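There are 2 protein chains.
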Amino acid sequence: MANCRWQYSTRAILMKSSIIRDTLKITQKPGVIGFGGGLPAPELFPSEELAECAKKVIMEKPAEALQYSTTEGYVKLRELIAERMAKIGVRCDPDQIMITGGSQQGLDLTGRVFLDTDVFVVCGVPTYLGAIQAFNAYIPKYLTLASDENGMTIDGLEEYLKKYSPRLIYVVPTFQNPDGLTISEERRKAIVELGEKYHVPVIEDDPYSELCFEGTVPPHMQSMNPDGVILLGTFSKLLAPGFRVAWVIAPKGECFDRFVKMKQGADLQTNTLSQYIIYEYLKTGALDKHLAKVAKVYSKRRDLMVKAMHKYFPKGVKFTEPKGGLFLWVELPEGLNATELLPKAVERKVGYIPGEAFNPNGGGENTMRLNFSKSSEEEIEEGIKRLGEVFAEALKR
Amino acid sequence: MANCRWQYSTRAILMKSSIIRDTLKITQKPGVIGFGGGLPAPELFPSEELAECAKKVIMEKPAEALQYSTTEGYVKLRELIAERMAKIGVRCDPDQIMITGGSQQGLDLTGRVFLDTDVFVVCGVPTYLGAIQAFNAYIPKYLTLASDENGMTIDGLEEYLKKYSPRLIYVVPTFQNPDGLTISEERRKAIVELGEKYHVPVIEDDPYSELCFEGTVPPHMQSMNPDGVILLGTFSKLLAPGFRVAWVIAPKGECFDRFVKMKQGADLQTNTLSQYIIYEYLKTGALDKHLAKVAKVYSKRRDLMVKAMHKYFPKGVKFTEPKGGLFLWVELPEGLNATELLPKAVERKVGYIPGEAFNPNGGGENTMRLNFSKSSEEEIEEGIKRLGEVFAEALKR
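Order-wise, the sequence lines are chains A and B.
The first sequence begins at 42 in my numbering and counts up by one.
The second sequence begins at 42 in my numbering and counts up by one.
Chain A on its own, in the form it takes in the complex:
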């Protein structure tokens, strides 16, 4: 086979497959209750409305909706996004919004714009695995900060910024994937100020803040310093992930222009049709009502999961109780290893993602991520019960 003798890039040789996708291959089997994925509940997709929007834009505007478009994205969609963003305090013009192929592409382009081999990225642990995977294509090193109940802590952040001149500070400040935690307003301000002081951009990855079940979320970090923060938003969790339509909001000028140039080379532009369909759907004003419905369902599922965890998990197993988003985080007593326990869980037909994957420098062996948005109420009760049994058994040994 000729291709075994080919010379591959350094990054290709270093790059591992996504643990999430690989784990899903094991856990996504018929009959296995899946807490592993990060899937929105498909029964909530507003499919009738979206089908109408799809038909309408193709019939009425085929020459635009099916054709090449600009790298920045469909201007009317960008205008509506800017309007929505303004309502939640984010300050931006449509011409600093670029549409991306999911937020995963936003993360990849962030890496492309800022990272070189062996430069530093600051992030919390645990942090979003997809970000690590995107950044790893550019072979950086990671400086990590521990988390407490208010999300990523900032002890040591200034030291990192002074000593290592990192290229970016990456945060998922609201209902973070994987742990569901939210960074407090005070801490957000401190991070933004330090980024400004040391000339390091803050990447605010924000897929979940509009999926808030109770109370309010702290102000966006972008709103605290629009010129110092790059915000990533997405329709994947608000509407449907199959569209792969998300956005980057970057400061005007040099920074925004570099994102556009990088996207030109990466894939020219995001799917035109999906941008038109989403615009058509947003125009009807139905999204807010849809989001309220989604939040209500997810909130109930979180309640059920948390209640079941209190009921079935052995003493010594800790977990977060997030106020929004799709995920919660389980910490097993020291000495237990969630990766090693996974086959036992799959035997009992329940799946999760081991927490190690969310630690770029290793660690977190006794942690795991659970998703509560996708499973039915019965599955949640039964799945948590089975997990509790797996943990109890492991603790006995």
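Because the hints were derived from the structure by calculation, they are not lab data.
Owing to the predicted nature of the structure, the values given are computational and were not obtained by experimental measurement.
One thing to keep in mind: the hints can contain errors.
Residues from chain A shown here face chain B by an in silico Cβ test under 8 Å; the list is partial [unchecked claim]:
#1 Arg-52
#2 Leu-55
#3 Ala-92
#4 Lys-96
#5 Pro-242
#6 Arg-285
#7 Val-387
#8 Asn-402
#9 Gly-403
#10 Gly-404
Note that the Cβ used here is the ideal one computed from N, Cα and C, for glycine as well.
Knowing the structure of chain A, use the given hints to seat chain B on it.
Frame of chain A; chain B shown alone:
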């Protein structure tokens, strides 16, 4: 502005904007006849059929068509692509086909899998600009081979392979963008054999071979050595570019797996909905009939353009007469500069892409690319007439 003091990546600092996209900003003005873009004719999009397919898949399969899917792509679509490919002599299984976000992403992933800073890429001149832009994100160097009426020549290729151990040989063998030329069967064989001999993959970028107006196209290079060639195909020119659905066919094992890992980090997966819509459309069997219609229209437009060029272009201006695809290539007498003439052309309300952009190491100042698929018959006659006037005037000075 904080973002001006940020540290960007080396590639971001080196990366130029796409000359095509920038030129289009100048030339895409009301009343300007546009030979610059590479747009399929939108009036030929099978919009009614596609609207029905879109509505159908969203209504009948919302939980799949709107949800996350696999990185490799929708398996049924990959099966149909494998069947279509078999008909044109390409030998592949569905599990060596990965769906990409346009062929531009296929090119980017090719760069990601194979290229490091300062390694070498072999290509013809002129060559496809989008490939140069995609590869440039990985900062390679280019070894170029001149073209004759049979496309990229091979004098010097073995020398390059021996001396520089390039990471890949990039070719658009059929109806190449930008010059419309096709590499002969004999030369294809020689390139494939040399790639095999020196363990260098051949990247066969093939967006146009199914848009053949007359005669037959030589066999695909992939069919000559499936383990030595990576093939890029796309629906952008066959159906509609707004879907951003294309595919990479790579040898099984190490090579294919690396493409998948790189795509995971880049954007997780290609738009699910568009994959389902295209599958639904292909299933009806309508594509071949549609392609015959498209080829007929484009063929007529090419005829008109070539005829007008014979009529209106001053002596000494040469041009190709492609047997398929979307583009032809104009060579002005030495000393004339197509970039410098562009403002004069735009004054007369006609646009093109200067040829320099298609030369990764510079050169080609007296050349330009013209697109014949998008303009109406009247526009072609009138636009070529105006260009002839611009050339005649430039020659007088």
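A quick look at each hint next to the structure:
1. About 7 Å separates the beta-carbon of Arg-52/A from the nearest beta-carbon of chain B, less than 8 Å, and the hint is met.
2. Here the hint on Leu-55/A is broken, as its CB sits about 10 Å from the closest CB of chain B, past 8 Å.
3. Using the Cβ-Cβ criterion of 8 Å, the hint placing Ala-92/A at the interface with chain B is satisfied: the shortest such distance is roughly 4 Å.
4. Nearest Cβ of chain B to the Cβ of Lys-96/A: about 4 Å, under the 8 Å cut. The hint holds.
5. This hint holds: Pro-242/A has a C-beta 5 Å from the nearest C-beta of chain B, less than the 8 Å allowed.
6. Hint status for Arg-285/A relative to chain B: holds, with the closest Cβ pair at about 5 Å, below 8 Å.
7. Here the hint on Val-387/A is broken, as its CB sits about 19 Å from the closest CB of chain B, past 8 Å.
8. The interface hint given for Asn-402/A is broken, as the beta carbon of that residue sits about 18 Å from the closest beta carbon of chain B, more than 8 Å.
9. Against a cut-off of 8 Å between C-beta atoms, the interface hint on Gly-403/A is violated, since the closest Cβ of chain B lies about 19 Å away.
10. Because the beta carbon of Gly-404/A sits about 21 Å from the nearest beta carbon in chain B, more than 8 Å, this interface hint is broken.
The structure fails to meet hints 2, 7, 8, 9, 10 from the earlier list, while all remaining hints are met.
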